[in-house]
Amino acid sequence: MLPSSLTVWDENHTAEGSDISMTSPQAVSYWLLPAPEAQAVLDQLSALASQALVACRLPPHITLYSEHLDGEHGVSQEQVIAQLQQLADCRQPVRLRPNAIEASLLFTQSLVLRFNAEAMTQLHPWFNQLRRRSGAELGYRLDPHLTLLYSQDPFHLRQELARRLPLPSDPLLFGRVSAVTHPLTISSPADIAACTTLHACALSCTR
Numbered sequence: 377m378l379p380s381s382l383t384v385w386d387e388n389h390t391a392e393g394s395d396i397s398m399t400s401p402q403a404v405s406y407w408l409l410p411a412p413e414a415q416a417v418l419d420q421l422s423a424l425a426s427q428a429l430v431a432c433r434l435p436p437h438i439t440l441y442s443e444h445l446d447g448e449h450g451v452s453q454e455q456v457i458a459q460l461q462q463l464a465d466c467r468q469p470v471r472l473r474p475n476a477i478e479a480s481l482l483f484t485q486s487l488v489l490r491f492n493a494e495a496m497t498q499l500h501p502w503f504n505q506l507r508r509r510s511g512a513e514l515g516y517r518l519d520p521h522l523t524l525l526y527s528q529d530p531f532h533l534r535q536e537l538a539r540r541l542p543l544p545s546d547p548l549l550f551g552r553v554s555a556v557t558h559p560l561t562i563s564s565p566a567d568i569a570a571c572t573t574l575h576a577c578a579l580s581c582t583r
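Residue numbers (this note's numbering): 377 to 583.
Hints were generated in silico from the structure; no laboratory data involved. Note that beta-carbon positions come from the ideal geometry of N, C-alpha and C, so glycine has one too. It is possible that some hints are incorrect.
Ranges of calculated distance between the beta carbons of each label pair, as one might list FRET restraints [stated by the list, open to error]:
{"no.": "1", "residue 1": "A416", "residue 2": "N475", "range": "12 to 22 Å"}
{"no.": "2", "residue 1": "A411", "residue 2": "L533", "range": "26 to 36 Å"}
{"no.": "3", "residue 1": "P544", "residue 2": "P401", "range": "33 to 43 Å"}
{"no.": "4", "residue 1": "A411", "residue 2": "L574", "range": "12 to 22 Å"}
{"no.": "5", "residue 1": "Q535", "residue 2": "A458", "range": "38 to 48 Å"}
{"no.": "6", "residue 1": "P401", "residue 2": "R509", "range": "19 to 29 Å"}
Take these sequences, add in the hints, and give me the full structure.
Spelled out as C-alpha cells, the structure:
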C-alpha cells in the first residue's frame, strides 16, 4: 500500500519524487486561490479528510480554465503569464459559498467541495475571458469545485467520508490566481506530483 502522505507539494517547484517526463504532453491550468484565512479553513478540512484515506493533496484551488502548453498547438509560457496578469488586473477578490462535500469516481475529483449556483455566475466571466484569448483549447468546461484530496481508495470509502466531513458555514474569500503546468492527463499520484506553478499574482482591480 502507498503511504498516506503521497505528495508534499511546493507551489514554487515540482514535488520530489516526480517521474513524469517533461517531454510528455503538457497542459496549463489557471487556478483561483483562496485568501489566507480561507486557505487555513480549507487546509484544515483537507488534513482532516486525509487522516481517513490514502491520499495526496495540492494547494486548495478552483480551476478556471485549462489549455495545451507548448508544442505545435500549445501556448507558450510567456503567453500564459501575460494572460494570467491580464486576468488579475481586471478582477477583484470574490467570495464563494460552499454548498456540499461530494465524492466522485474521477481521480481528479476524488473528494470535492462544491459551491452554490451563484459561483457559476460569478466565475463564468473569468472563464470566458481566458477562453476567448486561448489559442490552444482543450474543451474545458467550467465546473466550480475545489478538490480536497486525490485518492485511489474505493469510492464507497470516499463517499462515506464526504458525509462525515463538516461543511464550512461561511463564504470563502478567493484573492489570487496562478498558472500551473501539469501532464495533459491526470490519473495518478505521480501526475499530481508533477504539477508546478509557473506564475502567481494577486487580484488587483480597484474598480
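- request: Please test the hint of 12 to 22 Å on the beta carbon pair from A411 and L574.
  value: Distance hint for A411, L574 holds at roughly 21 Å.
- prompt: Does the Cβ pair P544, P401 satisfy 33 to 43 Å?
  reply: holds, 36 Å
- request: With 38 to 48 Å as the target window, see if Q535 and A458 comply at their CB atoms.
  value: holds, 42 Å
- request: Could you say whether the range 12 to 22 Å given as a hint is met by the Cβ separation of A416 and N475?
  value: holds, 20 Å
- prompt: Has the hinted range 19 to 29 Å been met by the Cβ atoms of P401 and R509?
  reply: About 21 Å separates the Cβ atoms of P401 and R509, which means 19 to 29 Å holds.
message: Does the beta carbon distance between A411 and L533 stay inside 26 to 36 Å, or does it fall outside?
response: holds, 32 Å
Violated hints are absent here; each numbered hint is respected by the structure.
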